[in-house]
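Undergrad: Residue numbers (our numbering), protein chains in the order written: chain A, 158 to 520; chain B, 158 to 520; chain C, 158 to 520; chain D, 158 to 520.
Where hints are given, some of them may not hold.
Intra- or inter-copy, both count: the list cannot distinguish identical chains.
What the hints assert, rightly or not - In silico DSSO-like pairs for lysine-lysine, Cα to Cα no more than 27 Å straight-line:
1. Lys512 / Lys303
2. Lys221 / Lys178
3. Lys463 / Lys200
4. Lys256 / Lys192
5. Lys217 / Lys463
6. Lys463 / Lys348
If you are wondering where the hints come from, they were derived from the structure by calculation, not from laboratory data.
Number of protein chains: 4
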Amino acid sequence: MAGNSFGTLFRLHTYGESHGKAIGGMLDGCPPGLKLDLAFIQKQLDRRKPGQNLISTPRKESDKVEILSGIFEGMTTGTPIGFLLPNEDQRSEDYSEMKTAFRPSHADFTYTSKFGIRDHRGGGRSSARETACRVAAGAIAMQLLKEQGINIFSYVSQVGSIVLNKSVEEIDPLKIDEFQVRCPDAETAAKMQKLIEEIRDEGDTIGGIITGVIRGCPVGLGEPVFDKLHADLGKAMLSINAVKGFELGSGFASVAMRGSEHNDAYIANGGKISTQTNHSGGVQGGISNGEDIYFRVAFKPVASIKKQQQTVNEAGEPMDLAIKGRHDPCVVPRAVPIVEAMAALVLADHWLRSKAIIPAHVR
Amino acid sequence: MAGNSFGTLFRLHTYGESHGKAIGGMLDGCPPGLKLDLAFIQKQLDRRKPGQNLISTPRKESDKVEILSGIFEGMTTGTPIGFLLPNEDQRSEDYSEMKTAFRPSHADFTYTSKFGIRDHRGGGRSSARETACRVAAGAIAMQLLKEQGINIFSYVSQVGSIVLNKSVEEIDPLKIDEFQVRCPDAETAAKMQKLIEEIRDEGDTIGGIITGVIRGCPVGLGEPVFDKLHADLGKAMLSINAVKGFELGSGFASVAMRGSEHNDAYIANGGKISTQTNHSGGVQGGISNGEDIYFRVAFKPVASIKKQQQTVNEAGEPMDLAIKGRHDPCVVPRAVPIVEAMAALVLADHWLRSKAIIPAHVR
Amino acid sequence: MAGNSFGTLFRLHTYGESHGKAIGGMLDGCPPGLKLDLAFIQKQLDRRKPGQNLISTPRKESDKVEILSGIFEGMTTGTPIGFLLPNEDQRSEDYSEMKTAFRPSHADFTYTSKFGIRDHRGGGRSSARETACRVAAGAIAMQLLKEQGINIFSYVSQVGSIVLNKSVEEIDPLKIDEFQVRCPDAETAAKMQKLIEEIRDEGDTIGGIITGVIRGCPVGLGEPVFDKLHADLGKAMLSINAVKGFELGSGFASVAMRGSEHNDAYIANGGKISTQTNHSGGVQGGISNGEDIYFRVAFKPVASIKKQQQTVNEAGEPMDLAIKGRHDPCVVPRAVPIVEAMAALVLADHWLRSKAIIPAHVR
Amino acid sequence: MAGNSFGTLFRLHTYGESHGKAIGGMLDGCPPGLKLDLAFIQKQLDRRKPGQNLISTPRKESDKVEILSGIFEGMTTGTPIGFLLPNEDQRSEDYSEMKTAFRPSHADFTYTSKFGIRDHRGGGRSSARETACRVAAGAIAMQLLKEQGINIFSYVSQVGSIVLNKSVEEIDPLKIDEFQVRCPDAETAAKMQKLIEEIRDEGDTIGGIITGVIRGCPVGLGEPVFDKLHADLGKAMLSINAVKGFELGSGFASVAMRGSEHNDAYIANGGKISTQTNHSGGVQGGISNGEDIYFRVAFKPVASIKKQQQTVNEAGEPMDLAIKGRHDPCVVPRAVPIVEAMAALVLADHWLRSKAIIPAHVR
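Given the sequences, and given the hints that come with them, work out the whole structure.
TA: Structure follows, in structure tokens:
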């Protein structure tokens with residue numbers, strides 16, 4: 158149970174270290190007959206890839222995905238979709254000091270302690286490069302969901318203390334990529350961009366928040382008790398590198414509210430039942446209620462900083478460390494497609510799971 | 158994949174509706190040779206049970222657990238532990254109106270839509286009564302972990318806008334149950350108690366936050382990539398009724414911090430490597446680092462309020478609803494043992510999983 | 158992963174030792190809206206229960222199943238079905254000698270070695286009494302399948318060297334229970350009955366074969382590669398106590414056949430494609446082809462014999478042992494409903510799994 | 158749940174069609190610190206590959222495995238081992254007729270019915286080429302097991318009606334590969350070889366049996382109830398293309414035996430408990446007892462024959478078919494490494510699972 162698999166019916170398995178031959182994976186359980194737009198998969202990968210602009214790491218990876226199976230004449234066949242992304246532009250020498258040093262707030266110490274052995278080059282398996290596989294698979298899930306009328310997008314809603322003051326309903330998804338920082342508001346985006354550039358020039362890093370939105374979700378996705386839809390979304394987001402928090406709908410703010418204020422009253426419009434407010438964030442009792450699903454994901458500042466830090470090495474000796482490599486001053490702009498991918502994997506899985514809850518008398 | 162199972166090696170399966178014959182479950186994968194303290198299991202159940210004091214629902218359930226298997230002469234045998242809690246004090250008539258009404262922010266509408274059929278009495282499977290099974294199993298997990306030196310506790314750190322101003326290190330676990338509200342500080346507890354009583358008298362409800370703490374966790378629990386320790390903790394907490402948010406360590410506050418400020422510097426004391434600060438919350442790269450693990454769980458206000466609300470019934474007709482039944486004005490005091498139980502289930506599972514990562518040459 | 162669960166979407170979890178308070182289980186994933194015939198469940202349990210006639214053990218268990226959840230007004234609700242069977246008529250004193258003795262070809266030695274502790278009374282968890290839970294759950298699965306037109310039955314086709322000389326097509330399922338030995342042929346049944354009575358009087362035991370048949374299975378159940386339909390059927394049967402072999406269709410006899418002789422030619426009748434012969438046993442490439450599925454299951458002679466045997470005890474000392482207790486001279490007549498139950502669990506699971514292979518464009 | 162994964166803790170996931178870009182897989186859960194002998198992996202692949210001699214298909218595939226991750230400086234790291242085998246020598250034109258024809262006793266019809274779409278070239282996902290991935294992963298499992306003193310081998314014990322008359326104890330594993338047919342007895346091997354050549358020249362095929370042996374297995378592998386060691390071995394074998402039957406130890410022959418004859422008496426030699434006979438085949442109550450584990454696997458004759466056959470096409474029209482392609486007259490010689498691989502995957506998984514059954518008081 159080494160934890161490299163995600164999902165129950167729509168399952169992603171990933172492998173690969175940042176400085177090995179390739180990273181890759183296998184998407185199992187994708188239904189047959191889906192006409193795949195390969196350009197869309199690549200587009201999502203390009204949104205995640207390093208080196209895309211001045212506020213991301215200057216490291217270059219072309220991140221071209223090769224699909225090895227499961228597609229025949231442009232169509233999914235229902236068999237597993239194997240894929241890989243060759244590793245390029247590796248400067249393993251940047252990591253020679255890290256052979257024995259434990260970088261603060263990185264996984265070096267915990268991996269070494271757990272496994273007794275570690276591919277130290279570029280963080281090995283703990284590198285955020287692994288998320289490229291999630292983005293590739295998520296882009297397939299997004300296409301499957303689109304056929305069902307389910308649309309997923311996410312955007313940067315906070316960087317440091319700069320907060321986007323717009324509700325989910327006010328967001329135009331087409332505006333997100335107009336700004337490098339992926340915040341769909343010109344003024345706020347400019348402030349965020351400026352802050353990230355300053356932080357970068359100081360050799361430091363800063364955190365941020367991504368808001369995820371799922372529109373067009375039918376009523377009925379999610380399972381009672383343990384596999385509630387938002388519990389699986391939470392796990393999905395918390396499994397992304399650098400994430401420290403997750404909240405659905407009203408989230409932590411609900412704590413100070415009263416029931417009479419927080420409850421979403423039902424109304425009926427021509428047979429369709431909906432809610433007047435949406436503090437629930439589109440999920441009630443763990444099951445989607447047909448309203449927009451929205452959630453917020455908190456990312457801590459990237460641990461790799463150029464500033465000198467105190468640490469210890471494998472022998473337990475104190476040492477000073479200034480991390481070389483090429484790193485992001487703020488991870489949230491590049492994490493937008495990762496959040497979308499993980500949300501899509503959860504939704505696709507629960508959509509397939511809901512198909513198995515077929516009333517017994519239906520043939 | 159109906160979602161009534163939790164864990165991979167240390168697995169809990171639960172069944173039961175609030176107004177059926179019994180709720181129950183089966184804990185599979187508990188190692189043999191654990192001497193069980195049955196009184197401790199009952200004590201945790203008593204901390205969760207309704208009717209324990211004036212700020213909880215006056216509903217009475219004795220919540221006596223019957224263990225049916227897996228124990229021989231007081232010891233676990235390694236075979237599954239079956240258990241059940243008979244249902245008592247059911248006033249199904251309180252729920253007759255709910256036969257067709259969709260209570261706002263409850264699961265009535267989503268269950269009916271998903272399954273086409275619903276046991277409306279007391280919320281059926283969506284009732285928080287199901288968490289009693291988690292508490293029973295979690296109390297076994299806590300005993301298993303205690304043998305390994307791992308201790309888990311949780312406490313109420315916020316009710317409405319009343320915040321406990323104490324850090325995790327300052328908490329004395331023995332003080333938690335001195336106050337009905339389970340906040341280990343006399344002055345804050347008194348304020349919270351007063352607020353809950355006021356809210357109760359208004360027929361309304363209020364939210365709150367529980368902080369969970371895991372002490373004595375060895376380095377190395379948690380798996381890379383998807384099954385990160387805090388991802389599984391997050392899913393566990395988000396699967397509890399009424400939970401809207403989860404954060405580990407610095408959580409959402411980390412967003413406004415810089416990497417140079419947030420990173421936890423390593424230090425070595427006589428061979429033992431630890432960190433100077435603990436913004437990471439005891440987990441790095443998804444794996445425990447030996448520091449205290451702490452996290453916060455946000456609970457929304459209970460949806461069952463006595464105040465009159467607008468809603469619709471199954472026929473889509475508007476109606477007014479004042480929920481009778483007997484409900485909690487604030488769920489967090491009774492949710493403390495649930496948070497502990499879910500944390501224990503996650504830790505016990507990852508402890509067993511870590512046993513399988515045995516270096517290949519070890520026999 | 159303690160192995161007390163079976164199935165992926167339609168899942169059975171069981172617990173319980175033969176001399177504890179109860180055995181029981183939980184069936185998860187049963188679709189909602191199935192009108193359950195409880196009498197049929199009890200009937201299948203009665204076919205399995207000890208003491209039903211002169212060729213079965215005189216041990217008495219009423220084997221009354223109590224359903225605790227998941228049923229509302231006679232209908233499944235889609236939530237887990239918890240159930241239990243209280244243990245009765247236990248003569249634990251019969252097993253006092255077994256406290257330290259390792260009964261030959263029983264699980265005493267392997268359980269003690271694996272777990273370090275063992276409930277020795279009546280075989281504990283290794284007792285065939287556990288199969289009553291499978292029969293209860295399987296009887297629910299059979300009702301779900303019947304709604305889909307899938308019928309399952311099994312019968313005794315061999316006892317010792319006495320072989321039923323009838324092909325699967327010649328069997329009338331209604332005749333099976335006309336004979337205590339559950340072989341649907343008067344003459345062969347009489348011979349088998351006589352042999353079992355002789356063996357019983359000698360204090361010895363004898364093996365047998367059960368043939369299982371699945372009629373009305375639609376094309377398309379079973380998954381490529383690892384979860385082939387017959388691979389899952391094989392695992393299901395091999396997990397039954399005392400089973401030593403499994404074969405599908407032509408089975409071991411296919412070895413001596415040529416491809417030209419063994420291949421099942423396709424024919425089309427008014428649009429429906431079928432095969433002229435059925436050496437494949439209804440499965441091709443791991444997926445059902447619409448023909449009858451049939452298979453054979455080999456049961457070894459019961460290990461509990463009254464005759465004196467040589468063995469060792471926990472201290473490794475040699476000793477003589479004559480097993481007292483009350484045991485079956487031949488297990489196959491009582492194992493018929495177990496084979497049916499396990500087949501039904503596999504089919505119901507694969508039927509639900511097939512629902513998730515929905516072409517991507519279908520909403 | 159598309160069935161392309163095998164194992165619980167030691168897990169193999171495979172993907173790929175016979176005529177796509179590559180087949181490959183990912184082995185997850187392999188413990189860290191195993192020094193891998195890559196030449197051994199290739200050797201096992203070479204034993205399976207087509208074109209190795211005159212009694213196998215003349216199709217040529219070099220079957221060179223590329224390992225992409227999970228190995229650092231020759232050692233497993235505990236992270237997933239990704240690997241692939243590029244597809245070569247594809248004569249897709251041989252399969253043009255099969256675009257619409259349903260080959261008798263092949264998976265063409267069932268795949269088309271199930272998925273609605275099918276990569277017809279070379280059988281696509283149903284091709285036995287998929288088993289190369291199992292052999293690659295199994296060769297890693299065999300090395301892990303060897304460190305624990307567990308050795309696995311298998312050999313051809315029957316072809317058509319020609320039976321090897323030697324008991325498992327008499328077999329010298331080193332002799333198996335001395336003969337193309339992989340039967341470790343000169344005289345029998347010669348007869349089998351002659352028969353296969355005759356069958357090949359007739360354009361026909363013949364079945365066979367492989368006997369598998371596991372030596373040095375410690376007491377205690379396998380789980381009670383559903384995941385019995387031999388149930389998992391049975392599923393593993395039945396998931397191999399063309400397998401129709403599986404039996405452990407005395408198998409189907411046990412049916413005609415009496416308990417007094419079949420029971421394996423325990424004896425103690427200097428503290429070590431063993432059995433005098435081994436009808437149980439090394440497993441009792443689903444758990445290994447320390448004796449040799451042995452089992453037999455029945456393979457039907459290969460369905461691809463050159464002889465003309467009757468069948469129907471996708472339109473349901475009758476047609477004659479003589480399969481061109483290049484196929485094996487008898488599959489068992491090449492299936493020997495596949496049986497070994499699947500046995501190794503099961504054993505490695507249960508070895509890891511047994512590590513999690515750690516007495517509760519052990520730290």
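Undergrad: It remains to establish, for every hint, whether it holds in the given structure.
TA: Going down the list of hints, with the structure as the test:
no.	hint	in the structure
1	Lys512 / Lys303	both (17 Å within a copy, 20 Å between copies)
2	Lys221 / Lys178	both (14 Å within a copy, 16 Å between copies)
3	Lys463 / Lys200	neither (30 Å within a copy, 48 Å between copies)
4	Lys256 / Lys192	between (45 Å within a copy, 20 Å between copies)
5	Lys217 / Lys463	within (19 Å within a copy, 54 Å between copies)
6	Lys463 / Lys348	within (23 Å within a copy, 46 Å between copies)
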